[in-house]
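Asks: Here's the letter readout for the chains.
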Amino acid sequence: MTAVIKLENVHKTYHTGDVEVLAVRGVTLEIAPGEFVAIMGASGSGKSTMMNIIGCLDRPTEGAYFLDGVDVSHLDRDELAAIRNKKLGFVFQGFNLLSRTSALENVELPMLYTHDRLSSAVQREHAIHALQIVGLADRADHYPNQLSGGQQQRVAIARGLVNHPAVLLADEPTGNLDTHTSVEVMGVFQKLNEAGITIVMVTHELDIAAFTKRNVIMRDGLVVNDTLVERRSFAEEALRRLDQAHQAVKLSA
Amino acid sequence: MRIAATLRMALRALRRNKMRSMLTALGIIIGVGAVIAMVGIGNGAKSQVEAQIASLGQNVVLVFAGNWSSGGVRSGWGGAGTMTVDDALAISREVPGVINVSPEVRDRQQIQANGLNWNTQILGEGPDYLDIREWPLQDGAMFTDQDVRGTTKVCIVGKTIVTQLFPNEGPVGKSLRIRDIPFKVLGVLSPKGLSVMGSDQDDVVIIPYTSEMKRVSKRTNLSSISVQSSSPEFSDIVQRGISDLLRQRHRLGANRDDDFTIRGQQEIADAATATTRIMTVLLGAIASVSLIVGGIGIMNIMLVSVTERTREIGIRMAVGAHGRDILLQFLIEAITLSSLGGVIGIVLGVGSAKLLSAIAGWPTLVSVTSVVLAFLFSAAVGVFFGFYPARKASNLDPIDALRYE
Ligand SMILES: Nc1ncnc2c1ncn2[C@@H]1O[C@H](COP(=O)(O)OP(=O)(O)OP(=O)(O)O)[C@@H](O)[C@H]1O
Ligand SMILES: [Mg+2]
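Listed in order, the protein sequences are those of chains V and D. Heads up, the first sequence stops at 253 in this note's numbering, and the numbers go up one at a time, no gaps. Heads up, the second sequence stops at 658 in this note's numbering, and the numbers go up one at a time, no gaps.
If we strip away everything but chain V, and leave its shape as in the complex, we get (with noise of 0.2 Å):
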């Protein structure tokens, strides 16, 4: 099969001043369709840059990246973003949904620049879709400052999803969550990788890694490790032994 991620001897320099910052120094990566991999690294070395240049955020200063077999890497702002729009979802650390602004419009957001647009009511119809996946149409009509952080990280989740794109981009999906609701989230990843989406993301945790299937080390800008997950953890069965020790700190307590 071939690969819908797939970088080239990627290079990522930042000029600030005089300075030069080889953020990313020469990655080569294929991510095939069906994957969920977890990128993780140090603070500094280069995962975020990386994630922004798969997510077609930015371009690369040297090397090529094909996404879904076409080269991205020269195309222009606007080009960018329709791809963005068509192939990518993402997904933040910080959430980043429109305040004032309900969860079903958040998740229509996409919809709006689409180049090919669908009529209001199935703009609606395909977001309230996308809510049920990540369990939360009852709170379509919710505005973010109503939605705890696990619930405003899977509205964002369902907008990453509401164009059905080809990969699923999260950096640090869980950076702002407790366990338990990091461990949904993991939960509502897997359910949608079963159902054939490709996720990349970026994560500092070895546990949250473990809910991948492949796991991606990064040092100084470089690819250092890159391994199957072999003992993977599964978010319901964690789920479960985390609701237990809960009862257990209760009983004891």
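Not everything, but these chain D residues come out facing chain V in the computed CB check (under 7 Å):
| hint | residue |
| --- | --- |
| 1 | GLU565 |
| 2 | ILE568 |
| 3 | ALA571 |
| 4 | VAL572 |
| 5 | GLY573 |
| 6 | ALA574 |
| 7 | HIS575 |
| 8 | ASP578 |
| 9 | PRO651 |
| 10 | ILE652 |
Far from chain D, by Cβ distances over 10 Å, these chain V residues were calculated:
| hint | residue |
| --- | --- |
| 11 | GLY34 |
| 12 | ASP243 |
| 13 | HIS246 |
To be clear, the hints were calculated from the coordinates, so they are not data collected in a lab. Predicted model only: the values in this text are computed from it and were never measured. Glycine included, each C-beta is placed from N, C-alpha and C at the ideal position.
We have chain V; now place chain D with the ligands onto it with these hints.
Replies: Same frame as chain V, now just chain D with the ligands:
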């Protein structure tokens, strides 16, 4: 992106900061309101002047005694003493294109009737005077050539005289006294309102010019002559004909100035409307300045808004918004703000114009054109002053915008 969806987004963004939106729009509201009211006042004045000019009559040429233009006013209003009844008769006889002529003597006198007193203008005129001025009688009849020849003691009176001296009864057939000489009232003029100069045209008693000269003021010369030409095209020819004739009759050599002044109706109209036109332009210009100030206010707030919503812009771009989607969003927001201000301003402007007419009695005329123009202009202010902030927003880099705190 769909315009309707963008518009809804813009309205929501504006509603979110109601107070701020109102204050921002206030500049435009005041600007547009001022433009509408000012131009309304200007146009009102202009149309009033035009109506007054029309009330002069049709194709009227006025010949005044004395020269107004050379070496200062040598001999004031009708004081030159060189224009005679014979001049008037000669004009009527010899100048081609002339259809009516009325010799005129002006005077102010105290008049009495019914034990009441009133100071008014006495006009000595020929019988054609009312035809020249296109001034119909409301009641009774005009005096005739016979009255002129016989220096009869008859008069016709304006509306103001009726209210002042004959409050209870119709004046026709009654008499009033000018310098203690009784004059019989033959007719009442229909009201004509204010003149170009702002005086009450209905405050007048018109008597045969012969009676005025022999019985009232005892003078031998005319103040002026009213001439009517047969058509507007004849006006120039008639003016030249009168000028040649009078110079010849007054024996003025080539090196001597006219001792009379000729004014065509068009010149009078031009002079009068020029003033009001300047007034309109001035008022409009002052009001436009406030519109521009309002536009700068919009630009300022839009810049603040772009900065505040940098993250929102980043999110929109991350999910696929093109630069022009963002540009359109902020531009529409600015235009909505300014044209909303425009609409409110138009309502306020029309309202205050109406209020001014009602309270101060100034005539105002708010034309549809000025309303449409004001609206378009306010929208244009939105485009002009909203473009820079919107462009700034659309040029943001999505990553920087997302990282913005
Ligand atoms: N816009 C930028 N301008 C200059 N340098 C940058 C920029 N963005 C990132 N860098 C630098 O590039 C390097 C990699 O940054 P990056 O954000 O990719 O790290 P990271 O692996 O995501 O770290 P973390 O785990 O803390 O999020 C860092 O040294 C950072 O200082
Ligand atoms: Mg990072």
